[in-house]
Amino acid sequence: MLVLVVITALAFDFTNGFHDTGNAMATSIATGALPPRVAVAVSGLLNFVGAFLSLAVAATIANGLVNTGDVTLTVVAAGLCGGIIWNLLTWLLGIPSSSSHALIGGVIGATMAAAGGSAVQWHGLVSKVIIPAAFSPVIAALVAATGTYLLYRITRSLTSAGRGHGFRIGQIGSACLVSLAHGTNDAQKTMGVITLALIANGTLAAGSNAPTWVIVTCALAISLGTYIGGWRVIRTLGKGLVEIDSPQGMAAESASAAVILLSSSFGYSLSTTHVATGSIIGTGLGKKGADVRWSVAGRMATAWVFTLPSAAIVGAAAYGLADGVHGTAGVIVVLAVLVVLCTLIYLRSRSTKVDHKNVNHEWSGGVAPAEAPATPAAA
Amino acid sequence: MSWVNWSALWKILVFGLIAGAGLPALFAGGLYSLSLGPHRARAAASGADGGSDSDVLVGGSVAGMVIAALCFLIVLAAVGWSIYEIYQIGHPKK
Numbered sequence: 009m010l011v012l013v014v015i016t017a018l019a020f021d022f023t024n025g026f027h028d029t030g031n032a033m034a035t036s037i038a039t040g041a042l043p044p045r046v047a048v049a050v051s052g053l054l055n056f057v058g059a060f061l062s063l064a065v066a067a068t069i070a071n072g073l074v075n076t077g078d079v080t081l082t083v084v085a086a087g088l089c090g091g092i093i094w095n096l097l098t099w100l101l102g103i104p105s106s107s108s109h110a111l112i113g114g115v116i117g118a119t120m121a122a123a124g125g126s127a128v129q130w131h132g133l134v135s136k137v138i139i140p141a142a143f144s145p146v147i148a149a150l151v152a153a154t155g156t157y158l159l160y161r162i163t164r165s166l167t168s169a170g171r172g173h174g175f176r177i178g179q180i181g182s183a184c185l186v187s188l189a190h191g192t193n194d195a196q197k198t199m200g201v202i203t204l205a206l207i208a209n210g211t212l213a214a215g216s217n218a219p220t221w222v223i224v225t226c227a228l229a230i231s232l233g234t235y236i237g238g239w240r241v242i243r244t245l246g247k248g249l250v251e252i253d254s255p256q257g258m259a260a261e262s263a264s265a266a267v268i269l270l271s272s273s274f275g276y277s278l279s280t281t282h283v284a285t286g287s288i289i290g291t292g293l294g295k296k297g298a299d300v301r302w303s304v305a306g307r308m309a310t311a312w313v314f315t316l317p318s319a320a321i322v323g324a325a326a327y328g329l330a331d332g333v334h335g336t337a338g339v340i341v342v343l344a345v346l347v348v349l350c351t352l353i354y355l356r357s358r359s360t361k362v363d364h365k366n367v368n369h370e371w372s373g374g375v376a377p378a379e380a381p382a383t384p385a386a387a
Numbered sequence: 763m764s765w766v767n768w769s770a771l772w773k774i775l776v777f778g779l780i781a782g783a784g785l786p787a788l789f790a791g792g793l794y795s796l797s798l799g800p801h802r803a804r805a806a807a808s809g810a811d812g813g814s815d816s817d818v819l820v821g822g823s824v825a826g827m828v829i830a831a832l833c834f835l836i837v838l839a840a841v842g843w844s845i846y847e848i849y850q851i852g853h854p855k856k
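Going line by line, the protein sequences match chains F and C.
Just so you know, we're using my numbering here: the first sequence kicks off at 9 and counts up by one.
Just so you know, we're using my numbering here: the second sequence kicks off at 763 and counts up by one.
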């Protein structure tokens, strides 16, 4: 049972990396600073390194959101299912939604189904998750807009080709920092969940830190997911929101890196996705004549609002199913359903494929480039 | 316990502006001073739109290059220091 839960958690970590490659690398890929495949490889490697860098967030997830006494292995497994399904659905639609919220929502939904609303630490949830989620994109956008304005102001007398060349170098540096920051922040979440499972199983004492093998496997899973690359999300972030030039790319990534690293050092479990999206919108606002596609931004914001409750509902449903069947068999049934659903989503995605070859094609209103058959009206 | 941790929020905003906008601005300053010098004048003269077909980055002025190197070094040092800081916070001494 514990083994099943750990595998599910690592699967979630994989989708997390997969879903969030775009946060770090979308702008570098869009401006041509790095070839797409090199970008995802570098990002994967740095995610791995970043996962070892800081362990402050893991502690928050494991101890600050639900009463650990009410969490059983079934609850953790059901919560993870909620997170994975939401991650894959939003990936199919090419929406960069928050993997952190998907995970937290799933775990909270499953906990509520198992032990009622009182098992959730609502104050921790609001003050450590919801409020930072509302502020972080605004702060990131502000920083990125300021940065973009300054960069264009300072270098306005440079030739545009020379400027592009210089900033592409800077962009690679700042994109690497975002990948590192993503590892320090996001790999922590799965470490937190596995730690939670180990505590629930009685293997670890309550309030423990993540053991080394957990850190290593989580780091591996997230970097592998990053390397496989969520091209659909990369495309939305790099091409869909704003047409990005290399100075904007550098400004956006510096802003993301600064905000993520700072908040992760304060123990805030921020969504890298919210920050990166805020930054990219900010660079659009900071450059004269750049257009932000607010309809795309609006769709994202809607998805963000729905992420926590939807993942919670899936998590609760998964718990109900597992509990109805009882014990290990229940968890196996839930995981089987999960595998079937994932396969269906994967097959669906094949019809409108986005990969490293067409990721930068002209934005024509949808995730799938114009050459492919139009995206079905699933949005 | 309050709902919003205002002091952390302010810190993230202020340090975020310094690091997230200030450092890239310094990098831009480095690029600008790197471009100062005779080559730049030629590049600018070669095209009415500021010579956008030329991607000459190094202008050739020695003082400009020294200032540029200083800017880039400060940026690198700040990045390295912040990563070290994150590591320190993430691994509290028992």
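Bear in mind the hints are in silico, worked out from the structure with no lab data behind them.
Since this is a predicted model, take the numbers as computed values, not measurements.
No residue lacks a Cβ here, since even glycine has one placed at the ideal position from N, Cα and C.
Check before you lean on any hint, since a few could be wrong.
Claimed, not checked - Taking CB as the label site, the calculated pair distances span:
{"hint": "1", "chain 1": "C", "residue 1": "847", "chain 2": "F", "residue 2": "219", "range": "49 to 57 angstroms"}
{"hint": "2", "chain 1": "C", "residue 1": "773", "chain 2": "F", "residue 2": "177", "range": "27 to 35 angstroms"}
{"hint": "3", "chain 1": "F", "residue 1": "9", "chain 2": "C", "residue 2": "840", "range": "42 to 50 angstroms"}
{"hint": "4", "chain 1": "F", "residue 1": "40", "chain 2": "C", "residue 2": "824", "range": "26 to 34 angstroms"}
{"hint": "5", "chain 1": "F", "residue 1": "341", "chain 2": "C", "residue 2": "840", "range": "47 to 55 angstroms"}
{"hint": "6", "chain 1": "F", "residue 1": "369", "chain 2": "C", "residue 2": "847", "range": "34 to 42 angstroms"}
Each hint tested on the structure:
{"no.": "1", "hint": "847/C x 219/F: 49 to 57 angstroms", "verdict": "violated (25 angstroms)"}
{"no.": "2", "hint": "773/C x 177/F: 27 to 35 angstroms", "verdict": "holds (30 angstroms)"}
{"no.": "3", "hint": "9/F x 840/C: 42 to 50 angstroms", "verdict": "holds (48 angstroms)"}
{"no.": "4", "hint": "40/F x 824/C: 26 to 34 angstroms", "verdict": "holds (32 angstroms)"}
{"no.": "5", "hint": "341/F x 840/C: 47 to 55 angstroms", "verdict": "holds (53 angstroms)"}
{"no.": "6", "hint": "369/F x 847/C: 34 to 42 angstroms", "verdict": "holds (41 angstroms)"}
Consistency note: the structure conflicts with earlier hint 1 alone.
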